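Participant: Position chains B, C, D, E and F against the provided structure of chain A, taking the given hints into account.
There are 6 protein chains.
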Amino acid sequence: MTRAIYPGSFDPIHRGHLDVIECAAPLFASLVVVAMYNPAKSAGFFTLEEREAMIAESVAHLPNVSTARAPGLVVHAATELEADCIVKGIRSASDLDVESQMAHTNKAVTGVQTVLLPAEPANAFISSRFIREITKQGEDVTALVPAPVAERLRRKVVSAHD
Amino acid sequence: MTRAIYPGSFDPIHRGHLDVIECAAPLFASLVVVAMYNPAKSAGFFTLEEREAMIAESVAHLPNVSTARAPGLVVHAATELEADCIVKGIRSASDLDVESQMAHTNKAVTGVQTVLLPAEPANAFISSRFIREITKQGEDVTALVPAPVAERLRRKVVSAHD
Amino acid sequence: MTRAIYPGSFDPIHRGHLDVIECAAPLFASLVVVAMYNPAKSAGFFTLEEREAMIAESVAHLPNVSTARAPGLVVHAATELEADCIVKGIRSASDLDVESQMAHTNKAVTGVQTVLLPAEPANAFISSRFIREITKQGEDVTALVPAPVAERLRRKVVSAHD
Amino acid sequence: MTRAIYPGSFDPIHRGHLDVIECAAPLFASLVVVAMYNPAKSAGFFTLEEREAMIAESVAHLPNVSTARAPGLVVHAATELEADCIVKGIRSASDLDVESQMAHTNKAVTGVQTVLLPAEPANAFISSRFIREITKQGEDVTALVPAPVAERLRRKVVSAHD
Amino acid sequence: MTRAIYPGSFDPIHRGHLDVIECAAPLFASLVVVAMYNPAKSAGFFTLEEREAMIAESVAHLPNVSTARAPGLVVHAATELEADCIVKGIRSASDLDVESQMAHTNKAVTGVQTVLLPAEPANAFISSRFIREITKQGEDVTALVPAPVAERLRRKVVSAHD
Amino acid sequence: MTRAIYPGSFDPIHRGHLDVIECAAPLFASLVVVAMYNPAKSAGFFTLEEREAMIAESVAHLPNVSTARAPGLVVHAATELEADCIVKGIRSASDLDVESQMAHTNKAVTGVQTVLLPAEPANAFISSRFIREITKQGEDVTALVPAPVAERLRRKVVSAHD
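Protein chains in written order, with the numbering used here: chain A, 170 to 331; chain B, 170 to 331; chain C, 170 to 331; chain D, 170 to 331; chain E, 170 to 331; chain F, 170 to 331.
Treat the hints with care, since some could be wrong.
Unchecked claim - Now the in silico label distances, taken between C-beta atoms and shown as ranges: (1) B:E251 with C:A212: 34 to 40 Å; (2) D:E191 with A:P240: 49 to 55 Å; (3) A:E218 with E:R323: 36 to 42 Å; (4) C:R324 with F:E249: 56 to 62 Å; (5) A:E226 with E:R324: 43 to 49 Å.
What the hints assert, rightly or not - DSSO-like mimics (lysine-lysine), calculated; alpha carbons at most 27 Å apart, straight line: (6) D:K210 with A:K305; (7) C:K325 with B:K276; (8) C:K276 with B:K210.
No lab work stands behind these hints: they were computed from the structure. Just so we're clear, the structure is a prediction, and the values are computed from it rather than from any experiment. Note that beta-carbon positions come from the ideal geometry of N, C-alpha and C, so glycine has one too.
Bound conformation, chain A alone (with noise of 0.2 Å):
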């Protein structure tokens, strides 16, 4: 029975995220979404509870899928969740060779393997700095994200636009 993690910092989750997680959920038998923190650095745009229930909320149709939140590196969370497998999704050349040199070094240090999806093409440009950015200018950008975010995104661009 293999435990897969998918680490990020899912600042916000958005359609892209839920791709990887919809490909990845059906392939193990048991996923675990885990919004990463660095607890020397403030807080981003969305508290890490906010977070973590966007995602909660987003993966609620997925049963093998729950979510949870690690400081620091993902060696760690690998470690301390008992992940026999980290899932990274992939877009692009420079994604490669990224994740490429994180999955050796993972791998050195804790023997957990990765595997990278390929992004699903029609959502691969989302980002979630992006979406923070057009947010912040008081744009609507909820075509980009599940459900459960939208709602939160009209909020911050209401609270923008005051």
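Facilitator: Same frame as chain A, but now just chains B, C, D, E and F:
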């Protein structure tokens, strides 16, 4: 219980291939290494029977790994072998471009997901084509292949020297 | 008034090609889709006449788009058709390497500028080669092509099954 | 009549930028070079006024090219300047990954198409960041910039040496 | 008699760096490993003195390799150390994009040629940044560094645990 | 005293090749430009004798550069010519993937190190294949080749027009 296939020409299987198999086997209930062939083309360097035998001997230590052969396209092999998942190794940006395109095409036609495993660095440079070319020149590259393949290559070297 | 050409083999034209045409057409006074052929090679999967007819039917809704055929190299087509600009779609790092080299060569010889359009994500994985291969196997990939091409492919599928 | 914008920081404009402008200008009815700035950040190496002035002087020989300034994101500049098209130069696989993602995001939000021009090889290595760093060290890189920029850089070199 | 320099931050030197040095040393009359620092920035994880000492200890078995330190840009180090050639390791497409741009810029300004050495596969994934982060977490990555560095890292681990 | 080889087909040598030779020659005691051929294949566009003659004429101004011919694989040429080092030019991510794999394979078999020289930007787009194709069409690309090659190409153009 996830059933994965790892398709390729395997003419012959080499240490880079074996890395992928050893990394993937623990993640899935079963893994089938599939020697692909094109019925319209000639036999290759090793016959299909030789290739399948070398795979079987090279994976004998992995209880959930078996072998098969399949003609034509991976989409057909995936359907026929009732795969939940296609496994491929990935080494470089060029690999990513090719494998992403195939992954999306295979998914569009059959619904079967592809997962990419970053090649283990130490053997990432090995290719079957180079092994065949060097062997044809009468030289020894048996360090680059699993032990069961090395013996067969040695006989090819001897016959190349005759 | 800028006149652009979009050269390719189009054997057959598919949805990824049509995306490029629909994105490029509004930017130029006229756009000529050029079915390139090599007089020294055999006919291809579809004949040149079939390929040009399928292009013409697929772009019938775009008033400033026309079709042409040209033998040999793009540099000649660009000169003969008095193009101000060559349009190409681009999906990946491998595409960029090939297209940059061709763009600089074409400019060095003819002075004609190439512009690259990033492929629309949803159809970026489609290739004419895969459509031909799947069709030869007797399967249906008509969802990946414009409607006028689907009908012709269906007839090829039927004859493959006979 | 197609109206294109070419957005960037242009701190300062260099020969690689000028190549893009000279290649793009003949293809469109008008081309607006847009000096982007972030109202929340400090002024940069050159002030926004200096940057815009250097662009205007560098493109004075191109009758259909004008300049503008815009705060924030390219999506806003494209809407405000009523652009039909966004022009970007592209040099490498890393550029492609970044520009494709931005192109798809901009199109999803505003509908405006991006076209990529392969960088002219001879000047493809020049970056504004390097020009700033070398100038701060008191050295002369005026060969890498249009003549109107060279004079301003020379004055910066003198003051760096004082 | 060709004199090469190998510039970097080396904070700290790791096995991937040592691979580059051991591959490059036999090709040149002399090779100077240059610890670069930015006088305007703070000290780093190890001090410049520590970094240079660890380099010197790690290359003690290579008679034609020496060490130096240099502030600022590689172009200045190359000129000051009278280098005929700059050596860099290269692992990925992202590395190539960065290194090509720097190579052409350095050549345009100083005339000094850069040569790229493909990273030895087994250690290509190691980065100084990861070594620093893992060490800060109190874990042991001494297998990824030359022996003289391992001892110093162990002391850092102990102090992180205190 | 380091002895380098620069292997290739050189059918014909062009300005991009000459850039690599002129950059590499000052770095090594001697540099041998090796025209590789496959005894099992037909002659090519220029005969091996013509190719070697054109190389010799094009490098006549470089006292430490000589020419040779070699059948088969670079590993054999490197051993036979007692090379310390193999030199290759590199232009793109696709080149890097191919050259890295060959470099590691050559090193694993012979111990000979490969160094990669980033292509000089102005001529990086030139390929022998394109020169051959354009010449076959009866056009003039002599600006893309060294002077001694231009004369031979002109004669080919004349005969193509006859």
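Participant: Are the hints correct? Go through all of them and say.
Facilitator: A quick look at each hint next to the structure:
no. : hint                           : verdict
1   : B:E251 with C:A212: 34 to 40 Å : holds, 39 Å
2   : D:E191 with A:P240: 49 to 55 Å : holds, 52 Å
3   : A:E218 with E:R323: 36 to 42 Å : holds, 38 Å
4   : C:R324 with F:E249: 56 to 62 Å : holds, 58 Å
5   : A:E226 with E:R324: 43 to 49 Å : holds, 47 Å
6   : D:K210 with A:K305             : holds, 15 Å
7   : C:K325 with B:K276             : holds, 23 Å
8   : C:K276 with B:K210             : violated, 40 Å
The structure fails hint 8 only (numbered hints given earlier).
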